[in-house]
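**Student:** Protein sequences appear in the order of chains A and B.
Each residue of the first sequence is one higher than the last, beginning at 1 in our numbering.
Each residue of the second sequence is one higher than the last, beginning at 1 in our numbering.
Everything labelled a hint here was simulated from the structure, so no lab data went into it.
Bear in mind that the values here come from a model prediction, so they are computed numbers and not experimental data.
Ideal Cβ positions, reconstructed from N, Cα and C, are used throughout, including at glycine.
Don't take every hint at face value.
[To be verified] Okay, derived cross-link-like pairs now, DSS-like style, lysine-lysine, Cα gap no bigger than 30 Å in a straight line:
id, chain 1, residue 1, chain 2, residue 2
1, B, Lys38, A, Lys5
2, B, Lys193, A, Lys168
3, B, Lys39, A, Lys60
4, A, Lys168, B, Lys349
5, A, Lys105, B, Lys189
6, B, Lys189, A, Lys168
7, B, Lys38, B, Lys260
8, B, Lys275, B, Lys244
9, B, Lys38, B, Lys244
10, B, Lys292, B, Lys342
11, B, Lys189, A, Lys5
12, A, Lys5, B, Lys260
13, A, Lys107, B, Lys189
14, A, Lys105, B, Lys380
15, A, Lys107, B, Lys38
16, A, Lys72, B, Lys148
17, B, Lys38, A, Lys105
18, B, Lys260, B, Lys287
19, B, Lys303, A, Lys5
20, B, Lys260, B, Lys275
21, A, Lys72, A, Lys60
22, A, Lys105, B, Lys193
23, B, Lys39, A, Lys168
24, B, Lys39, A, Lys107
25, A, Lys72, B, Lys292
26, B, Lys349, B, Lys324
27, A, Lys107, A, Lys5
28, A, Lys105, A, Lys5
29, B, Lys369, B, Lys275
30, B, Lys148, B, Lys193
31, B, Lys287, B, Lys275
[Unchecked claim] Residues of chain B clear of chain A, computed beta-carbon distances all greater than 10 Å:
id, residue
32, Phe27
33, Ser35
34, Lys39
35, Arg53
36, Thr85
37, Pro200
38, Gln225
39, Asn346
40, Asn370
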Amino acid sequence: MNPTKYMNPYLAGFFLGLLLLLTIYITGRGLGASGAVKSALVAGVETVTPGHAGSATFYKEYLTEHDNAPLKNWLVFEVIGVLIGAFLSGLVSNRLNLTLEHSPKIKPRTRVIGALLGGLLFGLGAQLGRGCTSGAALSGMGVMSTGGIFTMLAIFGGAYAFAYFFRKMWI
Amino acid sequence: MGPLVPDIIGNELNFVVALFIGIAFGFILEQAGFSTSKKLVGLFYGYDFTVLRVFFTAGVTAMIGVVAMGHFGLLDVNLIYVNPTFLHSALLGGFIMGLGFVIGGYCPGTSFVGAAIGKIDGWIFIAGSFIGVLIFAEAYPLLEGVYKAGFWGYPRLFETLGISQSLFAFLLVFVAVGAFWATTLIENKVNGKPNPQFSPVRIYLGLTGIALLIGLSAFILPDRQEAFHNTVSDPTFVQNYPLKEMSPDELAFRLMDNDKNLRIIDVRSPAEFEKFKLPKSLSLTSKNLFEKDFAKLLNLNGKINVFVADDELTAKQAAVIADKLGYVDIRLLTGGLQQFRKDILNFTKPDTALNRREADTFRFRERAKNQIPILIEQNKETGAIKKTSKRVIGGC
Numbered sequence: 001m002n003p004t005k006y007m008n009p010y011l012a013g014f015f016l017g018l019l020l021l022l023t024i025y026i027t028g029r030g031l032g033a034s035g036a037v038k039s040a041l042v043a044g045v046e047t048v049t050p051g052h053a054g055s056a057t058f059y060k061e062y063l064t065e066h067d068n069a070p071l072k073n074w075l076v077f078e079v080i081g082v083l084i085g086a087f088l089s090g091l092v093s094n095r096l097n098l099t100l101e102h103s104p105k106i107k108p109r110t111r112v113i114g115a116l117l118g119g120l121l122f123g124l125g126a127q128l129g130r131g132c133t134s135g136a137a138l139s140g141m142g143v144m145s146t147g148g149i150f151t152m153l154a155i156f157g158g159a160y161a162f163a164y165f166f167r168k169m170w171i
Numbered sequence: 001m002g003p004l005v006p007d008i009i010g011n012e013l014n015f016v017v018a019l020f021i022g023i024a025f026g027f028i029l030e031q032a033g034f035s036t037s038k039k040l041v042g043l044f045y046g047y048d049f050t051v052l053r054v055f056f057t058a059g060v061t062a063m064i065g066v067v068a069m070g071h072f073g074l075l076d077v078n079l080i081y082v083n084p085t086f087l088h089s090a091l092l093g094g095f096i097m098g099l100g101f102v103i104g105g106y107c108p109g110t111s112f113v114g115a116a117i118g119k120i121d122g123w124i125f126i127a128g129s130f131i132g133v134l135i136f137a138e139a140y141p142l143l144e145g146v147y148k149a150g151f152w153g154y155p156r157l158f159e160t161l162g163i164s165q166s167l168f169a170f171l172l173v174f175v176a177v178g179a180f181w182a183t184t185l186i187e188n189k190v191n192g193k194p195n196p197q198f199s200p201v202r203i204y205l206g207l208t209g210i211a212l213l214i215g216l217s218a219f220i221l222p223d224r225q226e227a228f229h230n231t232v233s234d235p236t237f238v239q240n241y242p243l244k245e246m247s248p249d250e251l252a253f254r255l256m257d258n259d260k261n262l263r264i265i266d267v268r269s270p271a272e273f274e275k276f277k278l279p280k281s282l283s284l285t286s287k288n289l290f291e292k293d294f295a296k297l298l299n300l301n302g303k304i305n306v307f308v309a310d311d312e313l314t315a316k317q318a319a320v321i322a323d324k325l326g327y328v329d330i331r332l333l334t335g336g337l338q339q340f341r342k343d344i345l346n347f348t349k350p351d352t353a354l355n356r357r358e359a360d361t362f363r364f365r366e367r368a369k370n371q372i373p374i375l376i377e378q379n380k381e382t383g384a385i386k387k388t389s390k391r392v393i394g395g396c
């Protein structure tokens with residue numbers, strides 16, 4: 001069976017906007033993603049090297065802020081939901097497929113390195129910028145936060161500035 | 001009034017809510033095509049602007065919704081999470097994320113979406129982001145300076161720009177529509193053919209028109225708070241508005257009686273309040289009346305809320321707003337604090353009383369004149385505004 005066509009982007013955007021609004025109305029906070037990675041990482045470090053997690057500033061601050069239960073975090077539950085929701089969407093639209101997606105012009109290995117390096121930079125940048133495309137840019141725009149909108153402009157500005165150098169990976 | 005957490009939805013239930021919101025979030029992103037890196041980076045090369053369309057439409061929809069709900073008093077905008085502004089790290093972090101975007105083809109949220117439908121590159125991206133966070137965590141002592149520099153507080157962009165919220169929202173809708181139009185032209189040029197998904201054009205023109213009309217109406221209609229303030233700016237209207245009053249004598253008696261049900265709402269400026277305040281009084285401005293915190297406070301059953309200010313009119317303006325907002329058991333101090341000072345605190349007993357009743361009143365006032373300053377002295381340290389609800393902690 002062929003995969004179903006994607007939803008009209010404006011309609012999808014409208015639904016996403018309503019979801020964000022509902023989220024703000026119910027919880028007072030926006031959507032997010034990178035925060036869950038942080039929670040999981042802090043939990044992992046705490047399990048592997050409790051001594052280090054207890055002494056290094058970053059983990060110590062995080063654990064104090066979260067009552068020593070880093071995984072009991074709103075974003076962790078939300079991201080588990082994202083995985084389920086996306087899986088369900090892939091299921092109903094026939095898009096479940098184990099693949100390494102890459103441009104035919106590059107080797108799979110290049111894509112692997114690109115994805116790893118890109119993820120690394122995004123993870124680092126999202127910590128520095130206090131949020132990623134979801135938590136800072138989208139949710140920030142919803143509440144018109146100056147910081148969130150600045151981060152959004154920097155993400156898209158940065159991507160356009162560097163796009164030319166990595167064009168071979170995509171086109 | 002929103003946000004529903006933590007009063008209506010408890011903190012534990014909130015995790016269940018998070019799961020369901022996540023499911024909807026993941027479903028919508030996948031349906032929009034955010035599970036494939038090829039589509040995600042399309043906007044940086046001009047062949048597919050889906051991300052921009054979805055993102056901008058979502059942002060504008062949520063923003064208009066937040067403005068509208070705040071406007072009609074459904075959401076206390078003072079309690080929702082507004083991302084803080086740290087200028088340096090926002091720009092530097094954003095720039096690094098932009099670089100990560102064109103190299104990795106995903107952002108964290110979309111990498112989860114891709115991973116969920118089997119994209120191996122999505123899983124690798126997630127692994128990479130763990131390493132990125134680890135590097136940040138380990139290098140935190142080095143990065144802390146940049147991370148905490150340029151703190152501007154929690155401003156919203158229209159405040160930073162010094163324009164009204166409605167004007168800003170209206171301008172942003174305009175920018176979004178312009179961006180949709182321009183990027184469609186670019187996309188058609190790059191791909192050499194128009195996208196059949198976006199015809200007929202008149203549907204889009206119609207939707208744009210509706211969006212602009214909504215934006216325009218927010219621009220013209222005063223918000224709820226402003227509307228109330230306009231109503232009470234007419235002194236004759238306020239003077240004729242029926243409200244129960246409390247005489248200075250009764251107030252003095254209730255103070256001396258240590259009446260548990262009495263609460264004085266002092267609407268003078270906080271500075272004046274600090275200089276002189278009666279026991280059992282709370283300082284608040286008429287703006288506070290619209291906040292969720294005070295809604296909880298003023299709705300307590302059995303309490304009598306006596307509005308005071310130096311003059312009766314100022315207090316009555318706030319009391320009228322409170323009455324119109326539906327608060328019960330509102331009283332107004334007759335003659336304001338001026339009268340209270342004259343009758344009680346600075347009372348000078350006339351030589352003759354007309355009748356026995358007046359003589360009793362005079363005796364009472366003499367006693368109050370001595371006792372109330374002691375009570376005021378004893379309560380000097382209390383009565384500051386206690387905010388119970390705090391802004392929601394959010395962010396990534």
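**Student:** Examine each Cβ of chain A, and state whether all of them lie more than 10 Å from the Cβ of B:Lys39.
**Tutor:** Non-interface label fails for B:Lys39: nearest chain A Cβ at 8 Å, not farther than 10 Å.
**Student:** Take the C-alpha atoms of A:Lys107 and A:Lys5, compute the straight-line distance between them, and say whether it is at most 30 Å.
**Tutor:** holds (27 Å)
**Student:** Hint check: B:Lys189 vs A:Lys168, CA-CA at most 30 Å. Holds or violated?
**Tutor:** holds (20 Å)
**Student:** Given the hint that B:Lys38 pairs with B:Lys244, does the C-alpha gap stay at or below 30 Å?
**Tutor:** violated (69 Å)
**Student:** For the pair supplied as a hint, B:Lys275 and B:Lys244, is the alpha-carbon distance within the 30 Å limit?
**Tutor:** Between B:Lys275 and B:Lys244 the Cα gap is close to 28 Å, so the pair holds against 30 Å.
**Student:** With a cut-off of 30 Å on the C-alpha distance, tell me whether A:Lys72 and A:Lys60 pass.
**Tutor:** holds (16 Å)
**Student:** Measure nothing beyond the straight line between the CA atoms of B:Lys287 and B:Lys275; if it is 30 Å or shorter, mark the hint as holding.
**Tutor:** holds (21 Å)
**Student:** Quickly compare the C-alpha distance for B:Lys193 and A:Lys168 to 30 Å and report which way the hint goes.
**Tutor:** With a Cα-Cα distance of about 23 Å, the restraint between B:Lys193 and A:Lys168 holds, given a limit of 30 Å.
**Student:** Starting from A:Lys107, check that the Cα of B:Lys189 is at most 30 Å away, please.
**Tutor:** holds (29 Å)
**Student:** Can you confirm whether the C-alpha distance between A:Lys105 and B:Lys380 stays at or below 30 Å?
**Tutor:** Between A:Lys105 and B:Lys380 the Cα gap is close to 77 Å, so the pair fails against 30 Å, i.e. violated.
**Student:** Is the Cα-Cα distance between A:Lys105 and B:Lys189 30 Å or less?
**Tutor:** holds (23 Å)
**Student:** Is the Cβ of B:Phe27 more than 10 Å away from each Cβ in chain A?
**Tutor:** violated (4 Å)
Going through the hint list in order, the structure does not satisfy hints 3, 4, 7, 9, 10, 12, 14, 19, 26, 30, 32, 33, 34, 35 and 36.
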